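Just so you know, the sequences run in chain order X and V. Quick note, the first sequence lines up with residues 3 to 254 if you use the working numbering. Quick note, the second sequence lines up with residues 4 to 647 if you use the working numbering.
A portion of the hints provided could be inaccurate.
[Claimed, not checked] Straight-line alpha carbon distances no greater than 25 angstroms define the calculated SDA-like cross-link-like pairs of lysine to any residue that follow: (1) K21/V with V143/X; (2) K53/X with E555/V; (3) K27/V with G142/X; (4) K503/V with L50/X; (5) K52/X with N549/V; (6) K53/X with R543/V.
Bear in mind the hints are in silico, worked out from the structure with no lab data behind them. It should be emphasised that the depicted structure is a prediction, and the values quoted were computed from it without experimental measurement.
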Amino acid sequence: MSGHMNLTLKVWRQKNSTTPGKFVTYKANDISPDMSFLEMLDVVNEDLVKKTEDPIHFDHDCREGICGMCSLVINGEPHGPKRATTTCQLHMRSFADGDTIVIEPWRAAAFPVVKDLVTNRSAFERIQQAGGYVSISTGGVPDANEIPIPKPVADEAFSSAECIGCGACVAACKNASAMLFVSAKISQYALLPQGQPERYARAEAMVLQMDEEGFGGCTNTYACEAQCPKEIKVTNIARMNREFFNAELIKS
Amino acid sequence: MMLDAKIPEGPLAEKWNKHKFNLKLVNPANKRKYDIIVVGTGLAGASAAATLAELGYNVKAFCFQDSPRRAHSIAAQGGINAAKNYPNDGDSVYRLFYDTIKGGDYRSREGNVYRLAEVSVNIIDQCVAQGVPFAREYGGLLDNRSFGGAQVSRTFYAKGQTGQQLLLGAYSALNRQIQAGKVKMYTRSEMLDLVVVDGKAQGIVTRNLITGQVDTHSGHAVLLCTGGYGNVFYLSTNAMGSNVTAAWRAHKRGAFFANPCYTQIHPTCIPVTGDHQSKLTLMSESLRNDGRVWVPKTVELAERLRKGELKARDIKEEDRDYYLERKYPSFGNLVPRDVASRNAKQVCDEGRGVGKSGLAVYLDFADAISRLGQPAVAAKYGNLFDMYQQITDENPYQVPMRIYPAVHYTMGGLWVDYNLMTSLPGLYSLGEANFSDHGANRLGASALMQGLADGYFVIPYTVGDYLANIGPAPIDANRPEFAQTKAEVEERISKLLSLKGTKTVDEYHRDLGHIMWEYCGMSRNAEGLKKAKGMIAELRDAFWKNVIVVGENEEVNQSLEKAGRVADFLELGELMVDDALNREESCGGHFREEYQTPEGEALRNDNEFAYVAAWEFKGNNMPEVLHKEQLVFENVKLTQRSYK
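Build the full structure now, drawing on both the sequences and the hints.
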């Protein structure tokens, strides 16, 4: 299907983490409304490569909205204008012919730019490594049905566990706070019986690592929840604060 | 070389237990003297890396993504099978074994499949203990649903995000070992070659995708958990980065590649909308529990639908053909994937396809919504319905989904024995990257089962046997083979970067995909396959003369990354065609038009083709040599598969 939208893109280009970046303007012509946002960038990149120019680098992988690899701040909004949607699942029908679209990487001190729109989100890895698990090894575990879990509890844990770790919450927050991400993980385990033995030690370790990585604090603007592609709730943050407070209380 | 699958002797149900006893052990104090390399961090890789580290081995794990959690197992939707028989509906280890062998159209090993069914129950226990939030009943116990090719409900699930939850579970176990210092994790690192010393796999060569630095890593054993090769078709449900490079490089270093022509075309994907399309999106098979597949009975009605003169809801009940329910009354919409896909192609070829392109059939939830109510349907499939609407701009609660088959999974892969070791000593392959358990067709919800079975419960036992035999002396990374292999990788990168032609990597990839889909896709014939072989060879030559690769090595360079992967697909494609040409029968996902029953079902030739085709690389532009591993069936009787 041939396209029928012509767009102007202002894209953040940055050679690497040490070179200053700048906005560069590109034309994206003949764009079909059925294309995903990343497919639109593919078209632009195909043209750039043909001219032996460096294509615009961006992170992406599954293109099904689940791997959490894609990012992009589009017209000031992480993952673009559509709610509950990752950039890869955003389609060009959300834009109008003639639009100018500004595309930036996640902006946060804890997520340094690697190249163009690609950032380094390894801070999230270290937070999970600090305690985002149940300390059991393979084998020797009880039968799966030995511990019944009330359905509402399991469902609540699942809705926290849905987080894809993309970092949109950080990008959306004026303080670049990672609290939505961290609290979702802490909540999943705090809710489930399997998470109980390490409940407070986990909350403490993950929160301390989060602070160490240089993420900001939470000032309750709820921008994270509004921009989260998986609609993770800010109530997780309240739960995390409670878990952390209890952890300190138990220690003292 | 004779292929020895090393299937243990004895009755089926005792093989694995007996084998575990016969395997040598490495004592706990010695385990820390061994280094194990794990490439890929999907379900198989993450579970293997974590478990081996828990046992005390030093693990080096590699993934090309920025986090191990982003491997494409994350996108698996529907569920994971296990013979728990919680619903009390007649399931057993033997039944799961039997369904899997039959579903694979009798082209897999009895021993392997039985073991898979046996350990399936442990997987669920393990995942629940990790805090994986599976779907539950109101009484607090685990819920099950049905999947294709089975008449029992044995599929555990977490909404339509089962793969995500299982991978996050394995990833959490991996994180614990990273924190403990037992796993050294290398993200954004791509394996580009295998180092073989004295006939044994002893290391890998990687490229750091941020700095471009090429490094060697040594280990006593190398585990490839690098997924399937579905992206050879360009359009597939695989992730954009999914590739065959690690497995293909290992193949060129001596590991046999088995049954490359067995590819799974999944029946329920969102249809292609145009040339810009970069990937296809699956709609989980679980939807066939409640969705009914149909097309209009007549070509005339289908034409009016395609032109937009009629809507699906305008077609009267008596004018609809629920063709799966009509042809296969006992399995209905839950026939295995290969059968469902071929039937969809058939009705579209007859001119009864719907959607603008005519390459789609309906998957209709109207009945389920009126029976269960919209909230109940939303609770089961909400995220899938949302995804469908996001992509197509149509509301599947109101109009039927349009679906069409798409490349999804590859049953073929590196040949492995019962211990998951390839034909190259010290090199193992786990999960989708190996060929072992699904025969010619994989049943739904069995990929997650196999990946985790291999990683959590098989490799921890079998790798120890090899390690105990070779002993814990450190691997000497100063052997010239390391420097030599690294130099070859660097030379190949330079060659790619020197190509300043006129056609992009994506254009070549798309051309290859068209050839593969047309001639080596849902149905194949000798004439087409021969033609495809020539076309692929030509395309490959053209690629190495005329492709454009921009930029340098010493930077983030996605153009270079893609070029290397597509170059390998251009070689693999030809082997797939050779294999499809060699297999003069139809079985599972491999449908040769010349071999079909009068009703159009796959017609096997058990006398001549009940073997695993394992291909040996002999040199660039040389024909590969076929080795046959005869499949022995002692427990199941080979019959024409029937889902009627």
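Now for the hints, and whether the structure bears them out:
no., hint, result
1, K21/V with V143/X, "22 angstroms, holds"
2, K53/X with E555/V, "16 angstroms, holds"
3, K27/V with G142/X, "21 angstroms, holds"
4, K503/V with L50/X, "13 angstroms, holds"
5, K52/X with N549/V, "12 angstroms, holds"
6, K53/X with R543/V, "22 angstroms, holds"
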